[in-house]
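**Q** Listed here are the chains, written in short residue letters.
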Amino acid sequence: MKNFFKILYLIILILTVNYQVNAAEKVKLLKTDWSFKGLFGKFDRGSLQRGYQVYSEVCSSCHSMKYVSYRNLSEPGGPEFTEEQVKAIAASFEVVDGPNSDGEMFVRPAKLSDKFVMPFENVKAAQAANGGAYPPDMSVLAKARSGGVDYIYSVLLGYEDPPSGVTLDEGVYYNKYMYGNNIKMAKPLSNDLIEYSDGTVTTEEQMAKDVTTFLMWAAEPHLEARHKMGFKAILYLIILTILVYFSMKKIWSRIESEV
Amino acid sequence: MSDHEYVPKSKFGKWFNDRLPLLTLASHLTDYPTPKNLNYWWTFGGILTFCLITQIVTGLTLAMHYIAHADLAFESVEHIMRDVNYGWLIRYIHANGASMFFLAVYIHIFRSLFYGSYKSPREIIWIIGIIIYLLMMAAAFMGYVLPWGQMSFWGATVITNLFSAIPLVGEGVVNWLWGGYSVDNPTLTRFFTLHYLIPFLILGLVVLHIWALHVPGNNNPIGIDVKKPSKDTVPFHPYIVIKDGFALLMFMIVFAFFVFYSPNILGHADNYIEANPMVTPAHIVPEWYLLPFYAILRSIPDKLMGVVAMLSAILILAALPWLDTSKIRSAVFRPLYKQFYWILVADVLILGYVGAMPAEGLYLLIARVATAYYFIHFLMILPILGFKEKTIPLPLSITDPVLGGFPNTAIVKKKESLN
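Sequence lines, in order, name chains A and B. Throughout the first sequence, residue numbering follows the working numbering, covering 1 to 259 in sequence. Throughout the second sequence, residue numbering follows the working numbering, covering 1 to 419 in sequence.
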């Protein structure tokens, strides 16, 4: 039995290490402490709310978030704005609805049930407005890049002057952490770019951390529920396993054999 | 076996059992004499049954919410993750369940290789197992296409393109598989249909697999034939049921860690980007469980020969009962085979590793050496070993190796520690 677990442990170790090696970047990503990592990881509510502010005031002019609804902003496990606040947020956007009974399309303020209004009508329009590059949809972005939140955080803070010998095309910027180091997005964050409604100092690092936290929530809105349930489920399984272990010992003691 | 004498107690039971002997079957399954020295490597059969049932149940639930359409599939998966009650849980169980399924099946296969479970009289069990394994790979591959992310799309493109290597009709076959001139909506809908069908084929084959197992009975770590029932065996219930249950719970703890705490670690980040035929990902990598075969495919410079090598690597397993010429089943009594066995394990792990790396430079060289060794193991080492190897004498029975004139007490201790 000891042998068995040793080998099993090794196999699992090799499998996971394999993957970590694959995911390892050539450049070391910037690290910060994320409150949502770990067994009991939860989102920092304030950070999520500030992150939404950064998203709506900075990112959302180019990046859509088409799988997230306004109602999600007030749901448990998210930024948890009050319903009134979210209604006000939604009402500041306009959506095309219809056709009405006259067969006409009409414009109305967005409601809680609407998805986040996109900054461009379609991918082509987004490309045309952004020098040919499509600003990726941000709904699942935090899961769609290897390195995840660390990668996004690093890219946001990774703008620097290109090393000598590197020439960039027009509208292309140098970023230490971006794949291929060329990025078509201009440096999005700078100190005191916006003013946080809760008075937090708007340093670049603070904004990068807040908006990345918000992106993680957008990609995994049920993360907190998952962590909570996981703890209970695993605890339950461990207790049950121990009980079954002793039952097994008892049953096998009837015969002269070990388990 | 006691099932021959089984008579139901109640009158209705007897009436029913005479017409459909379900109760006799149940009695056979509970009393089924099992070697009592089975170690924990033998619990993976039960674990695999659990995996299959889990995949079917979660899969059915996902199918209620999933939309098999190129324009809607990605969005419907996000709908499952966000808006369906516990949709995230069901999807993560299903996605990680596939990995757990393969983890268990690889342990199951390598257990069989170590203890010679594929040898006479268990060849049919083994071959059915290989067919199940092939179907599992097909199901997993097609399932990975369904979320219609970048890896789905490009993985499907790469794998289906392999068929174009077939001389003369290759191109036609590929177009037929695609239902068009590229991977597109018709490909997605047929993959969904087949992905739904295959698990039930597997379920049927699992029944045959177990049926075929129940004819000769289980092999065991000593690898000798066991008289049934005897003091070397225990009834399946409760002894094996509780032991399998205990092992299954341990397995579920590992499973739960993946589902709840790192549900995406075994997947590829690119699959959260919606499929885009205009943008090719930098590295197209299959899921981890297909990597060894992917490495074999890429290690051969010629496309057709690469495909042939990859298929042979799997099909060669079906010929294993005849390639292994040794009469001794368990590696415990085969000192040389034991060493070659572990080299093979390392070889397959190395193949898996280089399969995930770009096929160039040192990686390519390692892949070629490892591929060559894989075939040498089965085609040369195993047949020769059966004739050349000096094996350790077998005990006469599981319980009384010493009474049977067993000379080497060290081996008896070894056997003890296997339990």
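Derived from the structure by calculation, the hints contain no laboratory data. Honestly, I wouldn't trust all of these hints.
Unchecked claim - Derived DSSO-like pairs (lysine-lysine); straight-line CA-CA distance at most 27 angstroms: (1) Lys388(B) with Lys250(A); (2) Lys42(A) with Lys232(A); (3) Lys228(B) with Lys250(A); (4) Lys327(B) with Lys249(A); (5) Lys227(B) with Lys249(A); (6) Lys87(A) with Lys66(A); (7) Lys231(B) with Lys250(A); (8) Lys303(B) with Lys390(B); (9) Lys388(B) with Lys249(A).
**Q** Against each hint, give a clear statement of whether it holds in the structure.
**A** Hint check results:
1. Lys388(B) with Lys250(A): violated (45 angstroms)
2. Lys42(A) with Lys232(A): Between Lys42(A) and Lys232(A) the Cα gap is close to 15 angstroms, so the pair holds against 27 angstroms.
3. Lys228(B) with Lys250(A): This hinted pair holds, its Cα atoms lying about 24 angstroms apart.
4. Lys327(B) with Lys249(A): violated (35 angstroms)
5. Lys227(B) with Lys249(A): Cα-Cα ~25 angstroms, so holds.
6. Lys87(A) with Lys66(A): Status holds; Cα separation ~18 angstroms.
7. Lys231(B) with Lys250(A): holds (19 angstroms)
8. Lys303(B) with Lys390(B): Since the Cα atoms of Lys303(B) and Lys390(B) sit roughly 42 angstroms apart, the hinted pair is violated (cutoff 27 angstroms).
9. Lys388(B) with Lys249(A): At roughly 42 angstroms apart (the allowed maximum being 27 angstroms), Lys249(A) and Lys388(B) break the hint.
Hint compliance for this structure: hints 1, 4, 8 and 9 are not met, and every other hint is.
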